[in-house]
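Q: Each chain is listed here by its residues.
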Amino acid sequence: MIHQYKNNGYNIVLDVNSGSVHVVDDTVYDVIAFITDNHLENSSKEDMLSAVETKFTTPDIKEIIDEIYELKDSGQLFADDVYENSIDAFKNRPTVVKALCLHIAHDCNLKCKYCFAGEGEYHGRRALMSFEVGKKALDFLVANSGSRVNLEVDFFGGEPLMNWQVVKDLVAYGRSLEAPNNKKFRFTLTTNGVLLNDEVLDFVNKEMANLVLSIDGRKEVHDRMRPMAGGQGSYDLILPKLKKAAESRKQTNYYVRGTFTRYNKDFAADILHLADLGFEQISVEPVVAPPEEPYALREEDIPELLAEYDKLAAEILRRRKAGKGFNFFHFMIDLEGGPCVYKRLSGCGSGTEYLAVTPWGDFYPCHQFVGQEKFLMGNVDDGITNTDIRDEFKSCNVYSKEKCRDCFARFYCSGGCAANSYNFHGNIHDAYDIGCELQKKRVECAIMIKAAMAD
Amino acid sequence: MKHIKTLTTRDYKESVKKGGCGECQTSCQSACKTSCTVGNQSCEQTK
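These protein sequences, in sequence, are chains Z and A. Each residue of the first sequence is one higher than the one before, counting from 1 in my numbering. Each residue of the second sequence is one higher than the one before, counting from 1001 in my numbering.
Derived by calculation from the structure, the hints in this document are not laboratory data. Incorrect hints may appear among the rest.
Unchecked claim - To spell it out: a stretch of chain Z is covered by chain A in this simulated footprint if at least three of its residues, at any positions, have a beta carbon under 8 Å from a beta carbon of chain A; those stretches are:
| id | region |
| --- | --- |
| 1 | 64 to 70 |
| 2 | 324 to 336 |
| 3 | 340 to 349 |
Predicted, not measured: the structure shown is a model, and the values here were computed from it. C-beta atoms are modelled at their ideal positions from N, C-alpha and C, and glycine is treated no differently.
Kindly generate the complete structure, drawing on both the sequences and the hints.
A: Here it is, written out as structure tokens:
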């Protein structure tokens, strides 16, 4: 399968099944399109040349076909998808849990208008996780992680700093489990920044592998969606704290993480605003919201949003070449050392190797499903009791999704978010269509940036 | 090659033979929490 596109002056040919990326001149670009349009991929070199010569009269056409055929012979062009059986075997391996999202506080000090967690409460009651519940969750993780060494625990909310002492106690408890069990915990914290102070930062910088700081971008954009309880904006309060946090981590191992909505379809301006403030690790995501919400993205917005990604990619490239680059999470792509095919095709791991834990110790497939009783999987005392849910999530991969099977981006997104699929289509084996369009564009931009940097 | 420049990429087929250890980061956990992105993640074996 070939995916070819033009972006920012580059002609890119992606050989989807091998992952090879080719940057080509205009003639080769058209020749490859001709070959795929006419199903000549498996023709002999002689047949391919004769067919192509009926349309292309350039004197170096033979040389071009030689190059194309050389890549084909080395498995870098027109490669087949030979991974489906391997993935089936991989998915049938015994389930191990390697990551938990601990809902340390179902409470929040902001009233964000797009909050999927219902302003921190997940459509349930306000609650803080006790140390006892958290301890049992970590014990469960260690006991169910098999031979996996690296275990991830994210302190999530609501706002986790509203239950800070328990976070600290759980980190200490986790560390005490490492040596006796041959495990290594990677703790992360996701916070809105309101309660960030020096004491928190010192601890976080010592113990947390990653820190996710919520900010949406420009002040007016941020304040519109992320007000305090009294209605006033939170931008001025959090910005100095976030800047200090980023600096204290030497601009690495953190993200400022924003959400864009229909209210700021010009979101590239927000990302560049964050970069101009000095942040070097930036992730800004499209909102996922019920379609009836006024801030929800609509199908008709897609062309504008795609153009915005193109604009952003060109500007990031310009800044990077000028030595003033920053990382935008969704344009980051590791072509040389990225994940193996199993990881690429087997989905995010929700409901199997990744679980969310509520303050009272219930397990859900991931944070997005918390509060939807249908997806309750068990609890820290009894373990996973509803194995049907686990098995359904386990069966979820790009080959189980009709929309993903023929999508060029499947090796980069691994089938998309199960929760988004469920929210829009009522099952986890579908895909959230607007999200797919944006994801595809982000992959194209990411590859274009790589191509340009290789110039 | 004169007409085609190929970027260095990981060989997917080779990764089938050596991959699947499962030590890598959970994709959603990293920074986004609403979209699944794996293309940018590092393999623990090739770090």
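Q: State for each hint whether it applies.
A: Taking the hints in turn, this is what the structure says about them:
1. For the region 64 to 70 of chain Z, the stated coverage by chain A holds: 4 residues have a C-beta nearer than 8 Å to a C-beta of that chain, and at least 3 were required.
2. Coverage of the region 324 to 336 of chain Z by chain A holds [criterion: at least 3 residues with CB-CB distance below 8 Å; count 7].
3. Residues of the region 340 to 349 of chain Z lying with their CB closer than 8 Å to a CB of chain A number 8, which satisfies the three-residue condition for coverage.
In this structure, none of the earlier numbered hints is contradicted; all agree with it.
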